[in-house]
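Chemist: Residue numbers (my numbering), protein chains in the order written: chain U, 699 to 1176; chain A, 699 to 1176.
Do not rely on the hints blindly, as some may be mistaken.
[To be verified] Below, simulated SDA-like cross-link-like pairs (lysine to any residue); rule was C-alpha separation at most 25 Å, straight line:
(1) U/K754 - A/P989
(2) U/K754 - A/G788
(3) A/K1136 - A/K781
(4) U/K949 - A/T1026
(5) A/K1028 - U/K847
(6) U/K823 - A/T797
(7) U/K952 - U/N978
(8) A/K781 - U/E801
(9) A/K798 - U/A783
(10) A/K904 - U/A783
(11) U/K1028 - A/R830
(12) U/K725 - A/K798
(13) A/K1028 - U/A825
(14) A/K940 - A/G788
(15) U/K847 - A/E903
(16) U/K761 - A/F1019
(17) A/K1094 - A/G923
(18) A/K725 - U/R830
(19) A/K798 - U/L751
(20) U/K761 - A/E903
(21) U/K781 - A/F1019
(22) A/K1022 - U/P734
(23) A/K781 - U/R1062
(24) A/K798 - U/F946
I should point out that these hints are in silico values taken from the structure, not numbers from a laboratory. Bear in mind that the values here come from a model prediction, so they are computed numbers and not experimental data.
There are 2 protein chains.
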Amino acid sequence: MSKNQNKNEAITDMNKDFTQWYTDVVKKAELIDYSPVRGCVVLRPYGYGIWELIQKQLDTMFKETGHENVYMPMFIPKSLLQKEADHVEGFAPEVLTITKAGEEDLADPLCIRPTSEVLFCEHFKDAIQSYRDLPKLYNQWCSVVRWEKTTRPFLRTTEFLWQEGHTAHATEEEARLEAKNMLEVYKDFFENVLAIPVIRGLKSEKEKFAGAVETYTIESMMHDGKALQSGTSHYLGNGFAKAFDITFTDKENKLTHVHQTSWGVSTRMIGGLIMVHGDNNGLILPPKIAPTQVIIIPIAQNKEGVINAANSLYEKLKKDFRIKLDTTDKTPGFKFSEYEMKGVPLRLELGPKDIEAGQAVLARRDNGEKKIVSLENIEKEIAKILEEIQKSLYEKAKEAKEAKTYKINTMNEFAETITNKQGFIKAMWCESGECEEKIKKDFGATIRCLPYEQEIISETCICCNSKASKQVIFAKAY
Amino acid sequence: MSKNQNKNEAITDMNKDFTQWYTDVVKKAELIDYSPVRGCVVLRPYGYGIWELIQKQLDTMFKETGHENVYMPMFIPKSLLQKEADHVEGFAPEVLTITKAGEEDLADPLCIRPTSEVLFCEHFKDAIQSYRDLPKLYNQWCSVVRWEKTTRPFLRTTEFLWQEGHTAHATEEEARLEAKNMLEVYKDFFENVLAIPVIRGLKSEKEKFAGAVETYTIESMMHDGKALQSGTSHYLGNGFAKAFDITFTDKENKLTHVHQTSWGVSTRMIGGLIMVHGDNNGLILPPKIAPTQVIIIPIAQNKEGVINAANSLYEKLKKDFRIKLDTTDKTPGFKFSEYEMKGVPLRLELGPKDIEAGQAVLARRDNGEKKIVSLENIEKEIAKILEEIQKSLYEKAKEAKEAKTYKINTMNEFAETITNKQGFIKAMWCESGECEEKIKKDFGATIRCLPYEQEIISETCICCNSKASKQVIFAKAY
């Protein structure tokens, strides 16, 4: 059987039907279960386990950069949500409204938070009086709700888990810096933990957050060449502060409005993990985010001493790794497929002959490579291989992204590329909403961002040929 | 100034008005802020910090006992909530209902979870097929919503944070054991981490969870002698399994209904911490749950070398303790009051004379004791004192509870005690709902539980004088 052949007949070939492959993987890897609530899923232990590792590592990064966690109510009185005009216009169509409590009708209906800017604003209004109270660097882990027409597990669900950072600053300069710094935190997390390369950039006016002055984004490329907006950070200016009257007395004793930011990433990242690293045998998880990094599978476990040896190896290794031992009565072959489907980075096989020879077999999930290692210094060997897998997944994803990134100069070439190749198209843009809209309408491709690293391809807009000084990335997106 | 005198004029004397004292403390210690949503509060960084430490430590205990975390949707279709009759009857009056999504009216309105039994049941129905799939030992950290008439921060809010465990088992015996074991986990956590002594027992039929066969509870006593139901664990029998058709094929290949449990504790625990340990200077936190265990306050910090010395001490100690250094320009006296209000267990004072003598002053929050210690082995000294504080808070709470626990034999004595003394009343009960109801109506006291440790006081019911074999605890409760 060749390395790339699909051993598990139950999942669809990703090259034939990527969408169905994705749906098969989320279910077969036991990440989610469908729920009786439209557009909502159940995060099963394995799926939630990934989220717990995401939370733990991101939370540490937030705290190291001076942020504190808080918790705001999940409800927003309808009257309050309407205070910032752009913001309410952006979210109103997606908001769920509560009109009844028990048998009682509510006078001011409650909305379920689609995001919590207005609640943070209400709190800041009270908590901020003087420059001494600034900056406020807050974050919260919670779920938010947006009523979406079409939903897909992790990528777009009615309710989803996320973190939302909300900060208030004395100056515009400081707030802009915060928004940019948090994008760097996200980039670091994506590249070094999730092993997903990202492009940093600015959103166009049309694509920016409802109520923001500027939205920074990280965009990543999925296996099929489509883009995933993976995290955003907004400089909100002082518009919310003016709408909500958030002022402070500055050092010159002058009453001034604060400048704010907000930033968030969500369980959507798990969708990204699946679509960047997965293959026809299922999920592939980078070791840093894998709930189980090593699975021990005893071979011929009914033979005397095998289970015992597997057990002592497990006990020895569990201090250093997230490791499991599977001694159920399924066949080794069945177990191999199961943990491949779940994307466990490293399989450790241990049979009677191995025990006799004081060795074990290590098999990598990402490339199928097997290695026989001595039990004596197996910890070091495992640590080394896990590190290699982490690096190699990132490199592979980076190569895939680069292979599907095109520099395009003419509309003909653009049409050909977006239709037949998919991927990221680097092209020049005149910054007009009309050109942006035209390309979206004609090809279903959007401006993902104006990348930080500008590559000037020509001097004219790809769409209208008028003068253009900005390079953007066009792509179809999830 | 005497030790018990109220140094901070802004808070009410707890002996004059305990309710107002509580309200003052939650606000002044910056645990919460009021929100624009009826009955909901904002958990500020200090309040949420306590919750994070609770979560971290409880979560470890749950995982050590084999439980896995999951996440269920926050919505329950109205039709689904109505499937288990007792359950819906218990919760219906408190449920918030969503009727509108954007501008669209919902055909089957969505309820916001007041608790998630029915969602777990729906999932179990699919995920459990064979005895091999059992037990399922799940937990989730989330918020739930109950529309309450009167609310108080932490004790009773419309939305509150909690954990809810949900498990499914092959046999009644195993499920009953699980429900009892989780009560032991709660007891352990309360006594060893929160330093709050608890009484374990069984709830009466009237007080048990809507849909449960049996509810186990831990009850704790607040400073004012009132009870706080602090955690509950329910053996649900197979009633939910029958209503939701959760069956499995057992080892004899017979289709059988599972037996279930659920158990939960909430941010209510923080209310307990405040009301058990606090005093007229504010909050007192046990070191194991204190976001800041030690606060370093430099004395005469403008003198050369003081800030530097405080900084290096901070750097040296931060590996071992949750510690902060306050170098703001407030006076030391102001800072003392502030951290006393926040209940930081230990204050470390460091001034020019201390630095010269190679020493520091340690002041305990719980009893005001001061000790001069050498900087050389200060880590050991701090660790020792924190341990002493932890123990001493538990002992003090236990003594307070015992001092306000009364064995009562007659209704006259009962009336006198519950009216004038408050506290826990141990008395005999005939197990009739009428007597339970009568005492509730006459005195506002409820049966908190039938304690595990039965103390047979007489042979007749305190209320009706008929034969009684069960000893219960009566108290007024939050």
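Chemist: Do the alpha carbons of A/K1136 and A/K781 lie within 25 Å of each other, as the hint requires?
Modeler: Given pair A/K1136, A/K781 is violated - Cα atoms ~33 Å apart, limit 25 Å.
Chemist: Against the 25 Å threshold, does the CA-CA distance of U/K761 and A/E903 hold or violate the hint?
Modeler: violated, 47 Å
Chemist: For the pair supplied as a hint, A/K904 and U/A783, confirm whether the alpha-carbon distance does not exceed 25 Å.
Modeler: Judged against 25 Å, a Cα distance of about 50 Å means the pair is violated.
Chemist: Under the criterion that the straight-line Cα-Cα distance not exceed 25 Å, is the pair U/K823, A/T797 satisfied?
Modeler: violated, 31 Å
Chemist: Keeping to a limit of 25 Å between CA atoms, is the pair of U/K754 and A/P989 held or broken?
Modeler: Holds, at about 17 Å.
Chemist: Taking only the CA atoms, is the gap from U/K781 to A/F1019 under or equal to 25 Å?
Modeler: violated, 44 Å
Chemist: With the threshold set at 25 Å, check whether the alpha-carbon distance from U/K761 to A/F1019 stays at or below it.
Modeler: holds, 16 Å
Chemist: Is it true that the CA of A/K781 sits at most 25 Å from the CA of U/E801?
Modeler: holds, 19 Å
Chemist: Sort out whether U/P734 lies within 25 Å of A/K1022, counting only the CA atoms.
Modeler: Distance of about 47 Å is beyond 25 Å: violated.
Chemist: Sort out whether A/T1026 lies within 25 Å of U/K949, counting only the CA atoms.
Modeler: At roughly 15 Å apart (the allowed maximum being 25 Å), A/T1026 and U/K949 satisfy the hint.
Chemist: With a cut-off of 25 Å on the C-alpha distance, tell me whether A/K798 and U/A783 pass.
Modeler: holds, 21 Å
Chemist: Are A/K1028 and U/K847 close enough, with their CA atoms no more than 25 Å apart?
Modeler: violated, 55 Å
Comparing the model with each numbered hint stated earlier shows that hints 2, 3, 5, 6, 7, 10, 12, 15, 19, 20, 21, 22, 23, 24 do not hold.
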